[in-house]
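K.L.:
Sequence:
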Amino acid sequence: HFSHNLKNLWLLDMDMNWTPVIAATVCGTGALYLLLKWRNNQKIQKKILNARKRRDKSLQQAEQAVQQFKIQNPDFESSSIVSLSLPELTGKLKDGSLQPDAVLYAFMEKALEVNKNLNCSTEIIMESVVQLKDIKSQKKGLLYGVPISIKDNVAYEGRDTSCGVVSKLDQPALMDSVVVKVLKKQGAIPFIKTNIPQGLLNYDCSNPIYGQTLNPCNLQKTSGGSSGGEGALIGGGGSILGLGTDIGGSFRIPASFCGICGFKPTTMRLSVRGISSCIKGQKSVLTSLGPLGRDVESLALCMRALLCQDMFSLDPTVPPIPFNQEVYESSEPLRIGYYENDGYLQPSPSMARAFRETKDLLERAGHTLVPFQPLRLYHAFHELTVRGILGDGGRTLFSHLQAGPIDPCLRAQANMLSIPGFIKKLISIVLKPFVSASHLCLIKSVADLWRQHANVEEYIQEVIAEWRRLNVDVLLCPMLGPAFNFRYCGSLNSALSYTILYNLLNFPAGAVTVSTVTEEDEAQLHHYKGVHGDVWDKLFVKAVKGGVGLPVAVQCVSLPWQDEMCLRFMREVEKLTAKSKLTRKH
1 HFSHNLKNLW LLDMDMNWTP VIAATVCGTG ALYLLLKWRN NQKIQKKILN ARKRRDKSLQ
61 QAEQAVQQFK IQNPDFESSS IVSLSLPELT GKLKDGSLQP DAVLYAFMEK ALEVNKNLNC
121 STEIIMESVV QLKDIKSQKK GLLYGVPISI KDNVAYEGRD TSCGVVSKLD QPALMDSVVV
181 KVLKKQGAIP FIKTNIPQGL LNYDCSNPIY GQTLNPCNLQ KTSGGSSGGE GALIGGGGSI
241 LGLGTDIGGS FRIPASFCGI CGFKPTTMRL SVRGISSCIK GQKSVLTSLG PLGRDVESLA
301 LCMRALLCQD MFSLDPTVPP IPFNQEVYES SEPLRIGYYE NDGYLQPSPS MARAFRETKD
361 LLERAGHTLV PFQPLRLYHA FHELTVRGIL GDGGRTLFSH LQAGPIDPCL RAQANMLSIP
421 GFIKKLISIV LKPFVSASHL CLIKSVADLW RQHANVEEYI QEVIAEWRRL NVDVLLCPML
481 GPAFNFRYCG SLNSALSYTI LYNLLNFPAG AVTVSTVTEE DEAQLHHYKG VHGDVWDKLF
541 VKAVKGGVGL PVAVQCVSLP WQDEMCLRFM REVEKLTAKS KLTRKH
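Using UniProt numbering, the first residue of the sequence shown is number 1, and each one after it goes up by one.
Hints listed in this document are in silico derivations from the structure and should not be mistaken for laboratory results. Keep in mind that the hints are not guaranteed to be accurate.
[Unchecked claim] Between beta-carbon pairs, the in silico distance windows are:
| id | residue 1 | residue 2 | range |
| --- | --- | --- | --- |
| 1 | GLN373 | SER137 | 20 to 28 Å |
| 2 | MET126 | ILE321 | 33 to 41 Å |
| 3 | GLN373 | ILE321 | 28 to 36 Å |
| 4 | GLN402 | LYS529 | 44 to 52 Å |
| 5 | PHE76 | ASN471 | 53 to 61 Å |
| 6 | LYS529 | SER331 | 37 to 45 Å |
| 7 | ASP56 | GLN402 | 53 to 61 Å |
| 8 | ASP534 | THR368 | 30 to 38 Å |
| 9 | HIS526 | GLN72 | 30 to 38 Å |
| 10 | GLY211 | LYS575 | 34 to 42 Å |
| 11 | LYS575 | VAL548 | 54 to 62 Å |
[What the hints assert, rightly or not] The calculated lysine-lysine pairs, modelled on DSS-like cross-linking and capped at a C-alpha distance of 27 Å, are:
| id | residue 1 | residue 2 |
| --- | --- | --- |
| 12 | LYS46 | LYS181 |
| 13 | LYS92 | LYS185 |
| 14 | LYS545 | LYS529 |
| 15 | LYS575 | LYS444 |
| 16 | LYS184 | LYS139 |
As the structure is a prediction and not an experimental result, all values here were calculated from the model. A virtual CB, placed ideally from N, CA and C, is assigned to each residue, including glycine.
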């Protein structure tokens with residue numbers, strides 16, 4: 001508009017010296033731009049401040065509610081309640097030896113304490129106190145009276161599902177997500193929402209709204225992500241059961257980093273209606289919703305509770321397949337595929353040792369172990385997974401990130417996403433002889449997108465055919481760990497190869513903690529070469545350095561819709577590990 005008017009004025013009088021006018025207008029335009037940018041930044045800061053105030057207010061209200069309950073019940077003692085296992089807790093709630101209000105306030109008190117140390121909560125759900133009034137009507141529910149934590153992006157009526165981005169603040173959910181509705185019908189009490197990384201597509205746990213979540217096992221380490229708040233809260237004892245989401249390892253990694261268990265079911269085994277995302281509509285790699293807990297039995301109980309008629313009625317797109325208890329409880333010997341190194345990322349010494357020890361325990365228990373190697377992993381990781389998730393060149397994700405300040409843990413990714421399309425194309429051409437740069441390329445057309453989806457389907461069938469050829473029931477493989485030092489996750493997407501493969505394949509997968517990092521593991525990092533010996537392998541060593549005493553996990557996998565088989569395998573690993581530790585003690 002300015003240029004058009006300037007041109008018209010210039011045509012009116014060719015003799016006038018317009019230089020001062022142009023200079024003044026340009027300066028004025030620049031000043032206006034800076035003013036508008038300042039005002040926008042003020043709005044952003046106000047949004048962030050309001051979100052923090054809401055969180056702080058809910059924390060204060062929770063503290064007051066706990067103190068009031070303790071005054072009214074002088075014999076109340078929370079430590080004996082929060083130390084119970086989930087089966088023990090549900091048993092005591094059912095027989096009346098524990099009351100739901102005492103259990104809720106016990107976990108609320110512990111969660112407040114854990115949050116002070118780890119910064120893992122985005123808000124306490126004070127409606128949980130109101131829910132206590134009607135809880136007796138759900139006494140038949142499998143989770144009657146059990147307080148449950150939920151990840152920030154799981155919708156709860158009246159609460160934001162921020163995904164850690166400013167663009168989603170001040171948009172409270174109009175209704176509960178399906179899983180929250182089902183949990184309530186089963187007698188569970190959602191009482192706290194937990195922290196996430198900015199945009200969710202990162203396995204750290206920090207955002208410019210709520211800050212960095214710390215690891216309960218070591219405050220100098222990240223809790224993992226994107227369900228990092230869940231991992232930290234449960235690992236720290238502030239929750240007994242939680243719900244998270246997983247698109248690349250998003251609760252298997254926090255489970256591994258924080259020393260708990262996490263299970264990724266087949267996508268759509270549980271409803272994802274009411275689950276927020278920054279890349280909604282992406283179909284190459286699907287998000288799963290699932291439970292995190294202290295042990296495998298907790299995960300199985302949660303799945304049993306959720307896989308009920310209420311869920312199938314509320315979301316008819318979910319196949320009405322109830323939990324198969326017979327498969328879960330089976331003790332038949334298993335035929336187990338395994339691999340220690342996927343050929344893309346050499347596992348850390350502690351990852352490899354934990355894997356080998358678990359494999360030996362399974363063999364000694366009478367199971368058959370069969371070598372299995374991931375097929376065309378480089379192609380699957382770059383051409384199918386990364387290119388699929390960022391099929392629009394990352395523009396949708398970046399639009400959410402640039403609506404507010406960029407968190408330091410996302411800076412490396414944000415810099416890559418911000419590169420203009422034509423420069424990405426040029427870089428991909430230059431790099432192609434040396435490395436795959438597919439993640440820099442857009443999916444250019446509808447036909448290209450269809451080919452991408454067809455290639456994913458063909459790859460899934462190829463892996464299933466190999467699985468059938470080897471006639472295996474389940475698969476054992478390493479799990480990323482130990483917990484990273486801060487600011488490395490955003491620069492090491494290559495470390496996701498062990499987890500994200502099973503999101504692409506849509507295979508159920510779970511993480512079970514089996515060991516801790518030893519001094520010898522730490523010493524062996526000095527000899528770590530990696531698969532490629534490149535800068536990323538060297539960065540991986542720096543990321544996991546200083547991990548002595550941190551938990552280490554393994555990963556258990558099964559075919560799609562055989563979720564109970566995966567959980568059964570996880571339970572077997574957990575049982576054998578516990579038995580081995582007990583034997584060593586004596």
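K.L.:
Tell me, which hint numbers fail for this structure?
P.N.:
1, 4, 7, 9, 11, 12 and 15
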